[in-house]
Amino acid sequence: MSAFHLVINDRTHDVDVSPDTPLLWVLRDKLNMTGTKYGCGMGLCGSCTVHLDGEAVRSCQTAIFSVGSKKITTIEGLSADNSHPVQRAWIAEQVPQCGYCQPGQIMSAAALLAKTPRPSDDQIDSAMAGNLCRCGMYQRIRRAIHRAAGEGA
Amino acid sequence: MTINRRQFVVQGSMATAGLVIGVRLSPSMAFAQENERGPKEKVVNPFDAYVHVKPDGKISLIVAKSEMGQGIKTGLAMILAEEAEVDFNTVSVEQAETRPDIYAHMGTGGSGSTMENFTPLRRAGATVRALMITAAAQNWSVPTEECRAKKSTALHEKSSRRAGYGELVEAAMKLPLPDPEKVQLKNDSDFELIGHATPRVDIPSKVNGTAVFGMDVRVPEMLFAVVARCPTFGGKHAHYDATRAKAVPGVKSIFQIPALGRDMFTAGGVVVVADSTWAAMQGREALKITWDNGPAAGESTGTLHTSLHTGAGKPGKRIRNDGDVDAVLSNGAKRVEATYEFPSQAHATMEPMNITVHARSGEAEVWAPTQSPDWVQRTVAKVLDLKPERVIVHSRTGLINTSA
Chain A
1 MSAFHLVIND RTHDVDVSPD TPLLWVLRDK LNMTGTKYGC GMGLCGSCTV HLDGEAVRSC
61 QTAIFSVGSK KITTIEGLSA DNSHPVQRAW IAEQVPQCGY CQPGQIMSAA ALLAKTPRPS
121 DDQIDSAMAG NLCRCGMYQR IRRAIHRAAG EGA
Chain B
1 MTINRRQFVV QGSMATAGLV IGVRLSPSMA FAQENERGPK EKVVNPFDAY VHVKPDGKIS
61 LIVAKSEMGQ GIKTGLAMIL AEEAEVDFNT VSVEQAETRP DIYAHMGTGG SGSTMENFTP
121 LRRAGATVRA LMITAAAQNW SVPTEECRAK KSTALHEKSS RRAGYGELVE AAMKLPLPDP
181 EKVQLKNDSD FELIGHATPR VDIPSKVNGT AVFGMDVRVP EMLFAVVARC PTFGGKHAHY
241 DATRAKAVPG VKSIFQIPAL GRDMFTAGGV VVVADSTWAA MQGREALKIT WDNGPAAGES
301 TGTLHTSLHT GAGKPGKRIR NDGDVDAVLS NGAKRVEATY EFPSQAHATM EPMNITVHAR
361 SGEAEVWAPT QSPDWVQRTV AKVLDLKPER VIVHSRTGLI NTSA
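Line by line, the protein sequences give chains A and B. In this text, residue positions in the first sequence follow this note's numbering: the first is 1, and each later residue adds one. In this text, residue positions in the second sequence follow this note's numbering: the first is 1, and each later residue adds one.
These aren't lab readings, by the way, just hints derived from the structure by calculation. From a predicted model like this one, the values you see are computed outputs, not experimental measurements. Just to be clear, a hint being listed does not mean it is correct.
[Claimed, not checked] Below, a list of computed lysine-lysine pairs in the DSS-like style, where the Cα atoms sit at most 27 angstroms apart: (1) B:Lys-252 with A:Lys-30; (2) A:Lys-70 with A:Lys-115; (3) B:Lys-150 with B:Lys-174; (4) B:Lys-150 with A:Lys-30; (5) B:Lys-54 with B:Lys-174; (6) B:Lys-158 with B:Lys-246.
Construct all of the structure, not just a fragment, from the sequences and the given hints.
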C-alpha cells in the first residue's frame, strides 16, 4: 500500500492503495465516485474514460502510480447541473438509451472538442472509435458532437 | 367506493392519502412466461399497477416495469397523462416494490411494455379524468356533460368555474368507479402527448454520472466479490488452490458455489471476496483451478456449426401446413433455395452482470439491474434460505437485457 495525493475535479483526495491499482477502481471503490463506469477492464470499450490534464484516458488501464500530479476530471466534474455544452447537446439529441457507456462517450467527446472545436465526421469517428455503445447510438453521438461544436464546447 | 373486481379496486393496503386505482395491465405474455417457469404461485391480486392521484393533484403510476433505456418510464407516463388530461411533468412513474402478492406481474420484456399496457393505461387515465369531471359537476350541481378537463383542472365554461384535480380528489374518492371498458377515450386526433416526441425523464441523470446502475450501488462497509467461472457451459471446477490468491492484499475470503439448476439460471464457480473489486480480481487471477469441463467439453463454434447443419437437414416439426406445401413446392416453376446462418450471440451488455446483496438476520436487501425482480427474489431466497417475502429487491436502472 502507498499513499497517493490526487486532484480530482479540482478537489484533493488522499488514498492508500497498492500502486498498480487502476485509477478506475480508486474512483469507484475507494472514493465512491461511480459515474465513471467499469465495462471491460481491458481498455476495449471506453466506458471508463476520464481526463488526465485534459487528455482522454482509459482509467481501467491507468495505474494510480502513473497519475502523478496530473489533474483528473471525471464525468462528475464536467458539470453537476448538465450545463457543459456536451451534456446539453447529449440531452438535446436524446443520446443515451441504457446510458452505461455515456459517461465515457461524453468524456471522449469533451476531450475531442477541447482540441478540435469543429471536428469533421471523420475526426469524430476516429476520436470516438474506442468508445463502444451496445445500444448503437452512434448516429446520435455524432449529431450531438456537431451540436456541441456549434455551441462552442 | 364501489369496487369493480374485474379490473379496478382501491387498495386498502396502500395506506396513502389520495385516490388509488388498481389497474390490470399485461395479461397474455406475462402469464405465458410464468407458465414456462413451472408451478406458479397463486396470484393473490389481479392488479399489476396502481394509479395514485395525490392531494396536490400530482399522479404517480406505480408499476413493475424496469427502465432499461427503452424509455418506459417516459412512455407510460405519456399515455396516462394524455387521457387523464394532466401535464406530462405531473405524472411520475415509480418502480413498484418486488411484491408478487401486490403486483401480479413483475417482469419487463418481450418488447411488450408499451404495446400491452397502452389501452389499459389509457383507460386508467380516462378513469381519473372522468372521476374528476364527475366530482366537479356534482360540486357545482351542473350536468357532467357540460364539463371537461384540461391541465389537471376540471372546467365548466358556461359558469366559468374551474377546480384543480387536487381539490377534487376527496370528492372523487367517494364516487363509484366507471367501468374501465366503457370509459370515454380521447380521439387520436386530440392527442397532445401520444405520438409527439417527449424528452425522456431518465436522460439527465445519464449525462452527469448520477444515474445509479446496479454496479454503482454502495452499501456501507460492503465487500466486493468476483467469480471464477468454468469456461464451458455446465462445467465445474475439479479442484482449486487458493494459497496465492489468499495472499493478495485486500482479499478476505475464497469459497466455492454450486450451480443452481435451470430454474435459477446460475452457474457455479470459485468466489473471491475482497475489500475492492480490483483486489477481488487480482485474487481471482491468482487462483489455480483445474476445471472439469463437463458435457460441453470439446464443443466449439465449429462443432455447433456442424450440429446445426446436420439438424437443419433433418425433417422438422411442422407447426402449420396450410394448403399443401409439399405439392406446391414440387410443382413450382422456379425453386429458390438459400441457407441463412446466424451465430450464437451473447447479449454482451456494457454493464457486467452484477448484484448487491445486504444479508441481515432473517432478511436480505438486494439491488440488481434486472428485468425480473421476482426471479431475483426467489433465487436469493433459496440461496440464503429465507422466505421470498423477506428478500427486498430493488430493480436498478440500467441495462439492455441484463436479466437475472
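Cross-check of the supplied hints:
no. : hint                     : verdict
1   : B:Lys-252 with A:Lys-30  : holds (16 angstroms)
2   : A:Lys-70 with A:Lys-115  : holds (18 angstroms)
3   : B:Lys-150 with B:Lys-174 : holds (22 angstroms)
4   : B:Lys-150 with A:Lys-30  : violated (51 angstroms)
5   : B:Lys-54 with B:Lys-174  : holds (15 angstroms)
6   : B:Lys-158 with B:Lys-246 : violated (81 angstroms)
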